[in-house]
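Undergrad: One-letter residues, chain by chain:
Number of protein chains: 2
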Amino acid sequence: MTFLSTLDYLPHIAFDSVVFGFSKGKLKILLMEYHATGWFALPGGFVKRNETLEEAVKKGLFERTGLHDVYLDQFHTFGSLERFKPEVMKRIFEASNHPIDSDHWLLDRFLSIGYYALIDHEKVTLQPDAISDSIAWYDIDQLPSLILDHDKIVQKALQTLRENLDRKLIGGNLLPDRFTMNELQAVYEAILGEKLRRTSFQRKMLSMDILERHEKLFTGKSHKAPYLYSFKTQ
Amino acid sequence: MTFLSTLDYLPHIAFDSVVFGFSKGKLKILLMEYHATGWFALPGGFVKRNETLEEAVKKGLFERTGLHDVYLDQFHTFGSLERFKPEVMKRIFEASNHPIDSDHWLLDRFLSIGYYALIDHEKVTLQPDAISDSIAWYDIDQLPSLILDHDKIVQKALQTLRENLDRKLIGGNLLPDRFTMNELQAVYEAILGEKLRRTSFQRKMLSMDILERHEKLFTGKSHKAPYLYSFKTQ
Chain A
0 MTFLSTLDYL
10 PHIAFDSVVF
20 GFSKGKLKIL
30 LMEYHATGWF
40 ALPGGFVKRN
50 ETLEEAVKKG
60 LFERTGLHDV
70 YLDQFHTFGS
80 LERFKPEVMK
90 RIFEASNHPI
100 DSDHWLLDRF
110 LSIGYYALID
120 HEKVTLQPDA
130 ISDSIAWYDI
140 DQLPSLILDH
150 DKIVQKALQT
160 LRENLDRKLI
170 GGNLLPDRFT
180 MNELQAVYEA
190 ILGEKLRRTS
200 FQRKMLSMDI
210 LERHEKLFTG
220 KSHKAPYLYS
230 FKTQ
Chain B
0 MTFLSTLDYL
10 PHIAFDSVVF
20 GFSKGKLKIL
30 LMEYHATGWF
40 ALPGGFVKRN
50 ETLEEAVKKG
60 LFERTGLHDV
70 YLDQFHTFGS
80 LERFKPEVMK
90 RIFEASNHPI
100 DSDHWLLDRF
110 LSIGYYALID
120 HEKVTLQPDA
130 ISDSIAWYDI
140 DQLPSLILDH
150 DKIVQKALQT
160 LRENLDRKLI
170 GGNLLPDRFT
180 MNELQAVYEA
190 ILGEKLRRTS
200 FQRKMLSMDI
210 LERHEKLFTG
220 KSHKAPYLYS
230 FKTQ
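As given, the protein sequences belong to chains A and B, one line each in that order. Sequential numbering of the first sequence, starting at 0, is according to numbering that gives the first Met the number 0. Sequential numbering of the second sequence, starting at 0, is according to numbering that gives the first Met the number 0.
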């Protein structure tokens, strides 16, 4: 991150990204860790005066994590007063050897616009930026405590994901192009945080008329081979 | 509106409200008109440093329209560069006899957080504020052209309303507590902008298990009297 002048950036406006991935039956999100403080945070950033909000969010995610070409959906803007904690920001910058003055715009109150993304966990190479020391995937069920209101931002992202699960074909983004019904069910269960009945899940998915059925997945035991599906292109 | 010091307000952050009402088969929204310019705009406002975003939006809607106790839902934050048009804001304030200096924070770039509300059109008394000269309901099909990106804000609000129509029981907020199936269908048709088939609409609504059936509406022709319904409390 180049250093952050108020001539370049819009004060009071931040964004935070909740990046979901799915691996080995678990729903995960990306967190940055600041080793010198032991604190964890969502990857986020600020908006330059001459760029759109969307441009800033895409570029910010790339700069902080190394992730390219991620499709992000805006879900909520957070504007409480509890999220205003200048001492937290001051300590993060100090601990990363970028001390800032006490009247610096980064220590003022920010609203944060929340975005979420769904990515194929296996395909990405992660790269932390200059002020955080590491970036990694964390199970949604076992998150460390996060700075400011980032816990709330994660919970709201998860709620949005659950509400949009069918409509936005969210399961598909977390799977390979072709998948079995069992694999799709595992994604649904990880997002909803509960087990589903196999027969009613299958009936519901087929009745929605969103899946295309392909050849069977060859496993050696051909009488048990499951079908492969893809999402219909709309 | 008391006048607007940068000591009191967060620069760069605005909000706009799309208030939907339903009357005589038509979906309508509330617009402010600035007579001296002939311009129309959504009711909006700014966030004070010591109040939450939600508080500002509720208070702002009250101050600009006279509407009390309206339930507002956030739907999107708008951050394009096209929406930055200082000459429009300057002219509005000049024309309302509140001229502002060319370096005033109100002429800088703003992101705007969009909210929508659904209200019972018949129950409200509207009251414009000091800088706009009138406030009135306009048919969604016959809106005048709006300032800045307010046309886009309205379209995005309408899209959100359509996507959430079943899940948020939106129809119910625009109707009296008890309503006939025909009245509910009229709300759906106005929001979706298309005619629906009576039998399949009724079948779908009943299958969702969200309606409670009450006594028939007495009309004098008892063999044709329609049932009254309400939404089940959840």
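If you are wondering where the hints come from, they were derived from the structure by calculation, not from laboratory data. One thing to keep in mind: the hints can contain errors.
As the list claims (entries may be wrong) - Just a sample of chain B residues kept apart from chain A, beta carbon distances all over 10 Å, derived:
(1) Pro10
(2) Leu52
(3) Phe92
(4) Ile112
(5) Pro127
(6) Leu142
(7) Leu183
(8) Tyr187
(9) Arg197
(10) Glu211
To be verified - Taking lysine-lysine and the DSBU-like style, the derived pairs with C-alpha atoms no more than 30 Å apart in a straight line are:
(11) Lys194(B) - Lys167(A)
(12) Lys215(A) - Lys151(A)
(13) Lys231(A) - Lys58(B)
(14) Lys155(A) - Lys231(A)
(15) Lys155(A) - Lys223(B)
(16) Lys89(A) - Lys151(A)
(17) Lys167(A) - Lys231(A)
(18) Lys151(A) - Lys203(B)
(19) Lys231(B) - Lys89(A)
(20) Lys167(A) - Lys47(B)
(21) Lys194(A) - Lys58(A)
(22) Lys84(B) - Lys58(A)
(23) Lys84(A) - Lys167(A)
(24) Lys23(A) - Lys167(A)
(25) Lys151(B) - Lys84(A)
(26) Lys151(A) - Lys167(B)
(27) Lys47(B) - Lys231(A)
(28) Lys23(A) - Lys223(A)
(29) Lys151(A) - Lys84(B)
(30) Lys84(A) - Lys23(B)
(31) Lys47(A) - Lys23(A)
(32) Lys167(B) - Lys231(A)
(33) Lys194(A) - Lys194(B)
(34) Lys151(A) - Lys58(B)
(35) Lys203(B) - Lys203(A)
(36) Lys151(B) - Lys84(B)
(37) Lys155(A) - Lys155(B)
(38) Lys47(A) - Lys47(B)
(39) Lys47(A) - Lys155(B)
(40) Lys47(A) - Lys151(B)
Model, not experiment: these values are computed from the prediction. A virtual CB, placed ideally from N, CA and C, is assigned to each residue, including glycine.
Undergrad: Taking only the CA atoms, is the gap from Lys167(A) to Lys47(B) under or equal to 30 Å?
TA: violated (36 Å)
Undergrad: Hey, is Phe92(B) genuinely clear of chain A, shortest beta carbon separation above 10 Å?
TA: With a cut-off of 10 Å, Phe92(B) remains clear of chain A, as the shortest Cβ separation is near 21 Å.
Undergrad: Hint check: Lys47(A) vs Lys47(B), CA-CA at most 30 Å. Holds or violated?
TA: Given pair Lys47(A), Lys47(B) holds - Cα atoms ~22 Å apart, limit 30 Å.
Undergrad: Taken at face value, is the distance from the CA of Lys167(B) to the CA of Lys151(A) at most 30 Å?
TA: holds (22 Å)
Undergrad: Just to be careful, I want the Cα atoms of Lys151(B) and Lys84(A) compared with a cutoff of 30 Å; is the pair within it?
TA: Answer violated: Lys151(B) to Lys84(A) is near 34 Å, above 30 Å.
Undergrad: Over 10 Å to the closest beta carbon of chain A is the bar; see if Pro10(B) clears it.
TA: It is violated; Pro10(B) is separated from chain A by about 7 Å at its closest Cβ, not greater than 10 Å.
Undergrad: Is the straight-line distance between the alpha-carbon of Lys151(B) and that of Lys84(B) 30 Å or less?
TA: holds (15 Å)
Undergrad: Given the hint that Lys167(A) pairs with Lys231(A), does the C-alpha gap stay at or below 30 Å?
TA: With a Cα-Cα distance of about 12 Å, the restraint between Lys167(A) and Lys231(A) holds, given a limit of 30 Å.
Undergrad: Over 10 Å to the closest beta carbon of chain A is the bar; see if Leu142(B) clears it.
TA: holds (24 Å)
Undergrad: Do the alpha carbons of Lys151(A) and Lys203(B) lie within 30 Å of each other, as the hint requires?
TA: The given pair, whose Cα atoms are some 35 Å apart, is violated under the 30 Å limit.
Undergrad: Does Lys167(A) lie within 30 Å of Lys23(A) when you go C-alpha to C-alpha?
TA: Within the cut-off at roughly 22 Å; holds.
Undergrad: Please work out if Lys47(A) and Lys155(B) have their alpha carbons no farther apart than 30 Å.
TA: Holds, at about 24 Å.
In summary, the structure is inconsistent with hints 1, 2, 4, 12, 13, 15, 18, 19, 20, 21, 23, 25, 27, 29, 30, 31 and 33 from the numbered list given earlier, while agreeing with the others.
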